[in-house]
Structures are given as structure tokens and as C-alpha cells.
Amino acid sequence: MTARFRATPYLFLLPAVALIGVFVVYPIVAVFYYSFTDYDIVRPPVWIGLDNFRKLLGDGTFWLALTHSFVYLLVTPTIIALSVCLAIVVNRKLRGIHIFRALYFVPAVSGSIAIGLAWRWLFDRNGIINGVLQTLGIIHTPIQWLAEPGLVLPIAMLLTIWAGIGYYSVIFLAGLQNIPEELYDAARIDGCSDFQKHWHVSLPGLRPQIVFVAVISSLAALKVFDEIFVLTARTGGILDSGVTMVFYLWKQAFTLQHAGYAAAIAIVLLAITLAFSIVNVRLLERREADR
Amino acid sequence: MHLKRTLTILAATILVVGCASSASPSPSSGPSAAPAASTPAASGSTAPAASAAATPLAADPAEAVIPNVESGAEIHFWTFYLSPTFDQYIKDTITRFEATYPGVKVDWEDHQATFQDDLKNAFAAGNAPDVINLSVSEGWVSDYAGKGLLLNLDDKVPQAVKDIYFPGLWKEQLVDGKNYQFPWYQGLSVELINKRLFEKAGLDPAAFPKTIDGIPALCQTLKDKASTVCDIRLTVNDLIAQMVYEGNVKPISADGKTFTFNSAEAVAWLQTYVDMVKAGTVDNTTLTTTDDRTGLLLFSAGQAPFYLTGPNLIRDVKSNNETLYNDLAVAMAPLGKSNVTGKGLMSISVKADTTFPNASMALAQFFTNPRSMVQFSQQVAIYPSSPKAFEDPFFSSPGTAIEDSARPLAKDIIATYADIVPTIPKKADVNEIVKKAVESALFNNVSAQDALNKAVQDANALLAG
Chain U
1 MTARFRATPY LFLLPAVALI GVFVVYPIVA VFYYSFTDYD IVRPPVWIGL DNFRKLLGDG
61 TFWLALTHSF VYLLVTPTII ALSVCLAIVV NRKLRGIHIF RALYFVPAVS GSIAIGLAWR
121 WLFDRNGIIN GVLQTLGIIH TPIQWLAEPG LVLPIAMLLT IWAGIGYYSV IFLAGLQNIP
181 EELYDAARID GCSDFQKHWH VSLPGLRPQI VFVAVISSLA ALKVFDEIFV LTARTGGILD
241 SGVTMVFYLW KQAFTLQHAG YAAAIAIVLL AITLAFSIVN VRLLERREAD R
Chain R
1 MHLKRTLTIL AATILVVGCA SSASPSPSSG PSAAPAASTP AASGSTAPAA SAAATPLAAD
61 PAEAVIPNVE SGAEIHFWTF YLSPTFDQYI KDTITRFEAT YPGVKVDWED HQATFQDDLK
121 NAFAAGNAPD VINLSVSEGW VSDYAGKGLL LNLDDKVPQA VKDIYFPGLW KEQLVDGKNY
181 QFPWYQGLSV ELINKRLFEK AGLDPAAFPK TIDGIPALCQ TLKDKASTVC DIRLTVNDLI
241 AQMVYEGNVK PISADGKTFT FNSAEAVAWL QTYVDMVKAG TVDNTTLTTT DDRTGLLLFS
301 AGQAPFYLTG PNLIRDVKSN NETLYNDLAV AMAPLGKSNV TGKGLMSISV KADTTFPNAS
361 MALAQFFTNP RSMVQFSQQV AIYPSSPKAF EDPFFSSPGT AIEDSARPLA KDIIATYADI
421 VPTIPKKADV NEIVKKAVES ALFNNVSAQD ALNKAVQDAN ALLAG
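Heads up: the sequence lines are chains U and R, in that order. The opening position of the first sequence corresponds to residue 1 in my numbering, with each subsequent residue numbered one higher. The opening position of the second sequence corresponds to residue 1 in my numbering, with each subsequent residue numbered one higher.
Read the hints as simulated data drawn from the structure, not as lab findings. Please note: incorrect hints may appear among the correct ones.
Unchecked claim - List of simulated lysine-lysine pairs, DSBU-like, C-alpha gap at most 35 Å:
# : chain 1 : residue 1 : chain 2 : residue 2
1 : R       : Lys426    : U       : Lys55
2 : R       : Lys178    : R       : Lys427
3 : R       : Lys147    : U       : Lys55
4 : R       : Lys250    : U       : Lys55
5 : U       : Lys55     : R       : Lys436
Claimed, not checked - Beta-carbon label-pair distances, calculated as ranges:
#  : chain 1 : residue 1 : chain 2 : residue 2 : range
6  : U       : Leu136    : R       : Ala461    : 21 to 29 Å
7  : R       : Asp213    : U       : Ile138    : 36 to 44 Å
8  : U       : Val71     : R       : Asp213    : 39 to 47 Å
9  : U       : Asp51     : R       : Thr423    : 24 to 32 Å
10 : U       : Ile48     : R       : Asn453    : 25 to 33 Å
11 : R       : Thr323    : U       : Gly96     : 39 to 47 Å
12 : U       : Gly96     : R       : Asp224    : 49 to 57 Å
13 : R       : Ser253    : U       : Ile48     : 23 to 31 Å
14 : U       : Leu136    : R       : Asn453    : 43 to 51 Å
15 : R       : Asp176    : U       : Pro77     : 54 to 62 Å
16 : U       : Ile20     : R       : Pro84     : 35 to 43 Å
17 : R       : Pro84     : U       : Thr135    : 37 to 45 Å
18 : R       : Thr423    : U       : Val46     : 16 to 24 Å
19 : U       : Gln134    : R       : Arg293    : 19 to 27 Å
We put the beta carbon where it would ideally sit given N, CA and C, even for glycine.
Please work from the sequences and hints to get the whole structure.
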């Protein structure tokens, strides 16, 4: 009777553990294994030891992709700053404010492919942006935005920021609404301006949300794929100008059929994101402790 | 507390990265050459046998040309992008096949955007179909045959059956000199021309260049007089094939051990495109895209003066922009320096380790035989792979629709099709090297010669490695 009682919670856990085991743990273990093999998906993998990792060291495109992924991290502070500002703006009791909140959230519930396609059309040679610029007489010949190597990554980052602001601002909005009104009253009595009020009350009050958003958005930035995939029509951009780590991983695995090599890239990406996340949290916690 | 949070982040990170690395997006990377849907305009054609498409053909024992078909065989057949438009045709043909080869059962599936992913996964799982519709134009046959996954047909198919097909089509996508495909439906490369933009530039669509040498001057005129740029697409997935057909380039030495695509011919080929990019006469996005629908959509929107595609896709233009369709001219695709008009489009291959090789070959041959092909051609602007099929009166009568205007010329054009690209070892990787070289010459001010020299050096190192 006692033994059955002890087994019960484990039986409840079993379905979830089994699902995680099959769909998460097994693939991760498999990726570790494949990273040491020459594997083209259609034929059995062949063990090659550390060759894939040695090849990575001399692969210029891999280092370019890594650089692009780190550049993409600039999205994180930008999106935090803009989302906090937006949350402060919509955290007011104005008529129709709920409509604005909903509108800002629309990109978050839209499919990334749909958003990417819409942006591709915006920046198309015959797209709206060129149309407006030509109508205003600013340019005479259409700019081929997505065929300019220097513009692919910034446009993709802009897209990520635009699409993410609504989602993250909701998190900050929830945080703002948890800050006691008395703190703002005290700040007002102390003679704080609106800016000082938010600097000294809102931002410290939002610190847990900032930590959360910093970790989540930087992980999302490191694994960016959809935006690049759609904006560059699967090419990664001219001269690999938009190739990021995950895009390069996909290209190696599913275009060039080097699944073993792609697995090695995935392992490196795992190590980087893990290290990055730990450092990120530790730094923010230390700053919190210092205050 | 710190440990707990760190562990949580660790778990989250593993989940995120795990998901990212195991995700397999399903891009539509296949060719868009699959036939487009038949439209009322086409069925309204006065072609004599147009209505026969709706009537299933009776079984004819003369169609049973493959001997020793295994009785009781159950074979699996995959097609690419044919459902639902051609469901009835495929089902009727299978019914006729089963009546022609009694005792054989066929299980048919159509796969679309995820075709390549599905097929690779099926091979990996050991349950690939016995009979597979593969693209010749995209090089899929040699890709799979080179990995030992397809059946060598040269050793198995009787000579009389091989002789049914155009010789050039039977000898396509050879791997070590052996053929692995039955040639199926073929396309013609045509230039769709926006007459309005041509007239604006003072150009006559009927005077469209006959060779690619005339394209740069044409694009310059279009830019100067019609303020538009050309939508020309490099075959980014197979640049070596493009340089062979367009530039008459010999990409690899006769012994197959050294790449030679830095020759004067190759440099001249690349320089043509470099000059057009520098002159700003081409759309750079279309030029380097892997998606051949990008240019077609731009053309369909009335924003491109001409676009190279198949007549079967004219119906896409019609469904997207009827005004443009009524203002459309068609010219044959200009010839490259190789003087070869083109290569095949679609084929049917058999899995190497099929349990029923004869039944599988029989099905592949049945779909590609003249009778089946004539019936298929009556439904959509595609063309048969055998001379005998063209003896049907359907092919000597020009259709009323513009997409059928090339029909009477089709036999002579397809008869000249040939795969003149030699086997390229590590093709995908070499193509990637060439792509980088081409892009650096087009967009990074590297000279064509230097870019190709570097590419040959890298490709040779890859071959040696």
C-alpha cells in the first residue's frame, strides 16, 4: 500500500518525462553524437571524431555567422529600452488605451513568416518604401535594399525589434502595474520630474522583468533564423551578409546536407548561449546586489 | 537561489538551442517547373484531342514492355507537386497500369514543398518509395544516384525500351556513365515579354535576342528608355551548369581531378553579369535568389520587361494579372555559347534496393511512355520525352492560347536537349564555392578572374581533402 502511494507521483510525471525524453533529450543527445560524424541524412553516419570541430576553426563563413549573431545581440538593449518606454506610455488611464495596447501586441501574435514577407515587400525594389522616397523626390532610382550587403542585417534587426516590442512591453506593463502607487507619490513629494520618477522608481521596480527579458530576448537574438530566411529568400543574403549561426546551421544541414557539421555548429551555439546566459544573469544579479 | 536560477536558465538554454538545432523548416526549395493548373482558356483550345484528357484510356497490352514483372508486387510511387490538379490523370494512369500488369498494386502519394526533406527522411528511415519523380533540371537524379540510392537503368532496361526516348534525354544526369532515370515531362524555356514595357522602350518583342550576347544591350535600352531593370536569375543552385550552357565553359578536367572553371570562357561569362550589375540594368535581388518564383511574381505584377520560364507558367501570369496576360508576347529563350538549347525537366527513377525492381521500372516506364505522355500534354503545356508521342496530331496544331504557341516547335527543340554538364564531384559544396566567387565579383569589386581563380583553388582543395 505504501509502495503504491510512493509510485503515484512518478506515474503522473511519467507522460511528461517520456515526451520530454523523446522530443528534447533524445534529439540533444543525438545532436552530440552526430557532431562527431560525417552524416548526410540519407546514409548512415560515419564516426570522424573531432574533424567537424577542427573544420569549424578554419571556416570563414562560420566566424562571419558568429560575428553576425553577436551583432544581432544589439537588438536586446534596444528592445528593452523601447519596450519599457512603450509600457510607460500605455500604462495610463486614457480613453481607448486598451485598443492601443492590443494594436502594439498584433506583431507578437502574427506569424514570423508572414511578418517577414510583409517586410520583404516593404523593402522590395518596387515596394512602398522606395515608392514613398521616390514620390518625395528623395531618390530617383529605387534602392535595392535587400541586395545591399550592408543593409540586410540591420533590416532584419529592425524587424525583430518591431515584432518584439509589443510582446515585451506587455511584460513590462504587468511589472509597472505591480509597483505601488505610493512610491510614485513619495517621488512626487520629493520633487522628482516625470523622467526622474521613472528612472528612480519604475526602472528599479522593473528589474526582475528586465532580467527576464534580457535573457529571453538575447537567446532569441542568438538563435534568429526566420527573419533572415524570409528576408533573404533562403539565401542568407549576398556575400552571406545576413548569415547567422542558426541560418548557417540550417544551410549546412538541409541545403548542403552536412548534418554532422551542422550538429557541431549546434553544439558550439549551445555552449555560447549557455555561457552567455549565465554571465548575463550573474552580471545583472551582481548589479542588483551592489545597489 | 543563484544555483537554482542558473540551473533554470541552463535548462531553458538547452531547450532553446535544442529546438533551434533540431528544427527543420520546410522551405519550398524545389523547382517551380511542375505544371501549373489547366485553365478554362486552355481547355477551350481548338486542339483536336483536348477533350480526350477527361476520358480514361483503355488498357493496351502493347504498353507492357518491361519483362518479368513480379507478381503480387505492391509498389510505392511519389510525385512532385501534381496533386490535386492532376489527381484524375494520375489515378487513371495507375488503373490502366494495373490492368496492363495484372497482380501489381500501386500506392501513390504526392509531395510538395517538403518533397526533398520527406524523401531524405524516407531514405534515412529505410522506407523510401520504390518509384520517385525527380527533377532533372535541379540535378536531383545525380544527387541521389551519386549516393547509390537509385537503380542503374542502363543494365536493366531492354534496348528497345531505351530507344523510345530522345537519346539526349536518356543520357541525362549520368553518374559514372550510367543512366538512373526515365525521362518524363519536358518544358520549353521561353521568354515572357511585357509588350507595354517593350513598346515604351521602342523595342519590338519579335526582335528579342536569339543569343544571350544580346541581353546586356537590351537591358541597357530598357533602363534608358523605359526606366526599368531586367529580371534575370542566375541558377544559384547550379551555377556550373549555367556557365556550361551559357558560356561553353569546361568546368573540370577530362580525368575529373582538377577544376578548370577559371578559363577565359568562364571569366567572359562572369564578366557579362558583372558589367550588367555595374550598369545597374538588372535587379540584384532576382539575380541571386534561389527562388525562381521571385522573378515570375515581379513579372506577373507588370514590373519586369521579360522573364525566362516555361510556357506552363504563363497560366500563373494569367491568374495573377489578366491585363498583362493580354499584353504578353513569347520568344524562345536565347541560346548560350554552347549552342545547346537546354536539358530535361522531370524524370522518374527507381529506388536501388527496391524489392520489386521490374514492377517499379514498369511503372516508371508506363508513366513516361508515349501514350501516357500525350494524354498528360493535352492537359497542360508540357511535352513528351519520346519522338513517337509527337506524331499525335495534337502536337502539329497550334493552340489558340499564347502558352500553346510553341507547341508545333516543341519536338524539334526537345530533340536537341542534352545534358552537357560533366559529373561534378561534391557538387553542392563546389557550387557554394562558385556562388561566393560570383557574388564577390558581382558585388565586392573582386575581378572576375581573381574570383574564379580563388574558387578553383578552393574547389581543388576540397577535392583533394
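Numbers of unmet hints, in rising order: Hint check: 6 fails alone, others pass.
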